[in-house]
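Place chain B on chain A using the hints.
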Amino acid sequence: MKNVFDIKNSILYILFSTILLSGCALPYLKPVKQLNNIISRPYENHREPKLGLKWLAVLTKSNEREQIELIDLRLRRKVNLPGLNRSDALPISLAVNSNGNRVVFVRQRGDLTELYMYRRGIGTLQKLDLSPKGVPRRVSIDGSGRILAVEVSREGRWDIDIIRIPN
Amino acid sequence: MKALIFLFGVLGLFGCRPQVDRIADDFFSRNQQDPTLSGNGDQIALIVEKQGKPTVEMRNLKDGRIIYLRNLSRYQPHSSPSLSWSGRYLALIAQKTKTQFIIIKDRISGKLHHLRVPGNYIPIRLSLSPDASNLALQLINKGKFRVQIFDLSHFLEPDLPQRITSQDL
Chain A
0 MKNVFDIKNS ILYILFSTIL LSGCALPYLK PVKQLNNIIS RPYENHREPK
50 LGLKWLAVLT KSNEREQIEL IDLRLRRKVN LPGLNRSDAL PISLAVNSNG
100 NRVVFVRQRG DLTELYMYRR GIGTLQKLDL SPKGVPRRVS IDGSGRILAV
150 EVSREGRWDI DIIRIPN
Chain B
0 MKALIFLFGV LGLFGCRPQV DRIADDFFSR NQQDPTLSGN GDQIALIVEK
50 QGKPTVEMRN LKDGRIIYLR NLSRYQPHSS PSLSWSGRYL ALIAQKTKTQ
100 FIIIKDRISG KLHHLRVPGN YIPIRLSLSP DASNLALQLI NKGKFRVQIF
150 DLSHFLEPDL PQRITSQDL
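Sequence order for the protein chains is A and B. Its first residue numbered 0, the first sequence is counted upward by one per residue in numbering that gives the first Met the number 0. Its first residue numbered 0, the second sequence is counted upward by one per residue in numbering that gives the first Met the number 0.
In isolation and in its complexed conformation, chain A is listed as follows (with noise of 0.2 Å):
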């Protein structure tokens, strides 16, 4: 009879100890702290993160100013982007695929909004139309920097554009 409770205590201990293992494993957000202390400077307002395999494109306001910052996570700092950002443009959204040599991005100059690619090897900057014409919001890109799905407005409604790049 002993015997019996011993085996039924052994059962409950153990089905005890699972439970509060298996509640301690729970998935938690672990912050990533020497990352984060370069991207949360006070003076700072980031938005719209993106990230490649080793790379972070995310949208900076500083001195009333918006820019496209690219980070680099294995050297834990930012990447110059020589003719990208212009006084004059409001960037809405971007992306960046996975080697970060690839940034496209929606930007608002005036009165137009429009599509750009940066090729950030050889530093330039191309403009991808939309046909049918359409405002352009979001904007995604795979992992090679070749196909894009783009959020677009025709009409009062909204569509997604795949867009193919050639090379």
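A portion of the hints provided could be inaccurate.
[To be verified] SDA-like cross-link-like pairs, simulated, lysine to any residue; straight-line CA separation at most 25 Å:
{"hint": "1", "chain 1": "B", "residue 1": "Lys52", "chain 2": "A", "residue 2": "Asp158"}
{"hint": "2", "chain 1": "A", "residue 1": "Lys32", "chain 2": "B", "residue 2": "His112"}
{"hint": "3", "chain 1": "B", "residue 1": "Lys97", "chain 2": "B", "residue 2": "Phe149"}
{"hint": "4", "chain 1": "B", "residue 1": "Lys143", "chain 2": "A", "residue 2": "Ser61"}
{"hint": "5", "chain 1": "B", "residue 1": "Lys110", "chain 2": "B", "residue 2": "Leu68"}
{"hint": "6", "chain 1": "B", "residue 1": "Lys49", "chain 2": "A", "residue 2": "Ile161"}
{"hint": "7", "chain 1": "A", "residue 1": "Lys29", "chain 2": "B", "residue 2": "Arg115"}
{"hint": "8", "chain 1": "B", "residue 1": "Lys97", "chain 2": "B", "residue 2": "Leu114"}
For the record, the hints were derived by calculation from the structure and aren't laboratory data.
Showing chain B alone in chain A's frame:
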């Protein structure tokens, strides 16, 4: 010579022009917003309005087929979807009883990970890294935006391309 110049002109104008497709629409999903591509470019996740509720939808880009996502409809409205490299993981902002939280769906194991945002922050946008090791969150607190990066490698298996080269990094 003139013919050659004309040919080069035509090729220059049309040969490298990006090809544009449109995602197929159906009766139940009118507006399509917030697209995100998987790292390998095979799948897309987007937000569509279904019976007035913003709902995440996933499609195969090659044939336009809708990929069925179980157990997500009870946490609407959905926003800011993001896919890993192969589309194994889908991360998004969801809501239950007026509280916003993060869901990461593992499409292989079927697991649905619910993640609370630490502190008094409200999640606005998110981005999952292609290998699913990190999650970037745009948060708001007292009218101020900030971006924070979180490590997921302690509970998600990596979703890496089959062959990774230094160029991919």
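For this session: Could you tell me which of the numbered hints above are not met by this structure, giving the numbers in increasing order?
Result: none
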